[in-house]
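*Asks:* For reference, the chains in residue letters:
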Amino acid sequence: MLGYALRRLLIAIPVLFGILIVTFVMARSIPGDPCKAMLGEKASAATCEAFTQRFGFDQPITTQLYIYMSDVLRGNFGDSIRFSRPVTQLLVERFPMTIELALLALIVATFAGVTLGIIAARKHNSAADVTTMIGANIGVSMPVFWLGLMLAYIFGVIFKDTIFWLPPSGRLSAGISSVPFYEVWGWQLAADSGWSKFLEFLSNLYIFNALVTFNWPVFWDAVRHMILPVLALATIPMSVIARMTRSSLLDVLGRDYVRTARAKGLLETDVVRKHALGNAMLPVVTILGLQLGALLSGAVLTESVFGLAGVGRLLVEAIFARDYPIIQGVTVTIAVAYVVINLLVDLSYSYLDPRIRQQ
Amino acid sequence: MSALSRASAQYSEKIDTEGLLGDPKPMWRQAISRLLAIRSGQIGLVIILILLFIAAFADVISPYNPQQVLIGVEQVKKRDAPCVHFLGCDTAKPQHIMGIDGNVRDEYSRVLHGTRVSLTIGLTTVSAALLFGVFFGAVSGYFGGWIDMIIMRLMDVILGFPSLLLAIAIVAVLGPGIQNALLAISIVTLPQYARVTRASVLSVKELDFVAASKVMGASHRHILFFRVLPNAMTPIVVLATLGIATAILDAAGLSFLGLGAQPPMPEWGTMLGSERNQIFSAPHLVFFPGIAIMITVLGFNLLGDGLRDALDPRLNHS
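Residue numbers (our numbering), protein chains in the order written: chain A, 1 to 359; chain B, 1001 to 1318.
The set of hints was computed from the structure by calculation and includes no laboratory data. Keep in mind that this is a model prediction, so the values were computed, not measured. For glycine and all other residues, C-beta sits at the position ideal for the given N, C-alpha and C.
Ranges of calculated distance between the beta carbons of each label pair, as one might list FRET restraints:
| no. | chain 1 | residue 1 | chain 2 | residue 2 | range |
| --- | --- | --- | --- | --- | --- |
| 1 | B | 1032 | A | 103 | 39 to 47 Å |
| 2 | A | 158 | B | 1149 | 54 to 62 Å |
| 3 | B | 1179 | A | 256 | 51 to 59 Å |
| 4 | A | 183 | B | 1179 | 46 to 54 Å |
| 5 | A | 166 | B | 1032 | 45 to 53 Å |
| 6 | A | 73 | B | 1179 | 33 to 41 Å |
| 7 | B | 1032 | A | 256 | 30 to 38 Å |
| 8 | A | 74 | B | 1226 | 49 to 57 Å |
The whole structure should be built from the sequences, with the hints applied where relevant.
*Replies:* Below is the structure:
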């Protein structure tokens, strides 16, 4: 197991390295004077001089790459042009929103998808099966931003003044604010340390923050605001997971050992739950890792639909403002997160399937 | 007289030539007849044929020019709701099945013309990704060694990014616009084709007929492109069909964010994106382009699933 984990880690390192090189090359491909591009048209000659010195634009490309790498590895992405604040600080404020959204969507998609898949497989060729599969086919074909807008319209306008009304935008209602847990507990944070950044990051996960501080009004408000975005974002992965679970379970249910289990008189529920499901879940776990990429991509679109201040919206707004430090910081962070998540999925896969470890 | 029946006559043996005579049915025709027997293949094919028809004859079918501003032409207002005479709309008013958009144009004509744009987007991005992806994958799988190593690690790096995110980043560098968006989507999807081609080539190149070709002194180029690749195409065809669906979705997403097709091009994602703030007052301007995207993507997804079942029943049915 440890050997496998190490080998898998060794494969991830060149990929991470490659991601840094790709983002470096992209940043250097921006047309025009790098200083004017990075700092804005109004940058003075003196500022540009300092900038060129700092990032080594007058140095050979390898030196520039070295400076870039050492900056990124220290979590330093420079300052945003638009906000005049460190990109890292913006990430600490915005990334938790995206993580909360993607994670909740993943949980919903997995539970609903697996359940629907099991129902479809157990009632193979029944009305329930056909309906689920038609629904799943339509689900994977829907654009996430369209579904988001339609949900906002249905629950925000049609159900207005009923108990089904849900807020179509924002993270919290006006007048409700989330108090960071460290302030509630009266912790004194050292300014600008990595630890305090981490705590700030955690406190920006509003639902988590409200849970640990037992602040139920904020908790419910945050949850209510998340329902529509999560529904929109979860639909595509849910459909994919449902299809995968169904086909995988159907495959396993046709195996000899399942026939043996049935032949010895086990209840069908036990056959499915204790014998078939474990093996049927293996391909589903692989799909989960791949779906996380789709979730992170979809989060960009979902945030933009529901007016949520996450990294996706930060990125899109930065593109129109030509705020390159933000574009670079967000791209690197999400890509690294994605690689790390996939690494974890692969490791859990090898835990679930002992055959992988032997290879 | 065929060689077989001549042999039969010569040796005066009774060889049943039934079914052995005549031309063998070409493989692609077998595949199509199998595809037509599969439900998802049938539905997908019908949807795509209808879309192709609409795309080809968009100018004839659509009641208005998609770019024509109707101010002064008809008594219509900006973002008017749909008016269908058949459903009881006042016949005195001009008929607009999908309503009027934010620039006082006929939404229905724009949605119809969007078919042309979206199909072009899907086909061009997938063709470009296929061309390079299949080439890299084939070379990688056939030659192996350090070429394989370099190409595949490069593909791993591209796959290291969530696809739409990398596409957004590429557009950020190149600048918003439909061409850059298409280029970005092609680059982002290329590794899938390379990987699948490589795996397929790896399994085909071990077969006996390839060895026979080698013994006969065929060049690497001949073996790879005329012997191995044609026999390794099955999974690639399936992936490409499904890939058209994803490409259309991704392009619509980029356009929705304002990074892809720019107005006034009647692209569904752009149409949806430019009216998204009017969702509460004019939901039809969001509803119809979205439905159009969904039907198109559904068509290619169903056809892809059908092709997978038709071309290789052993492939994974997910």
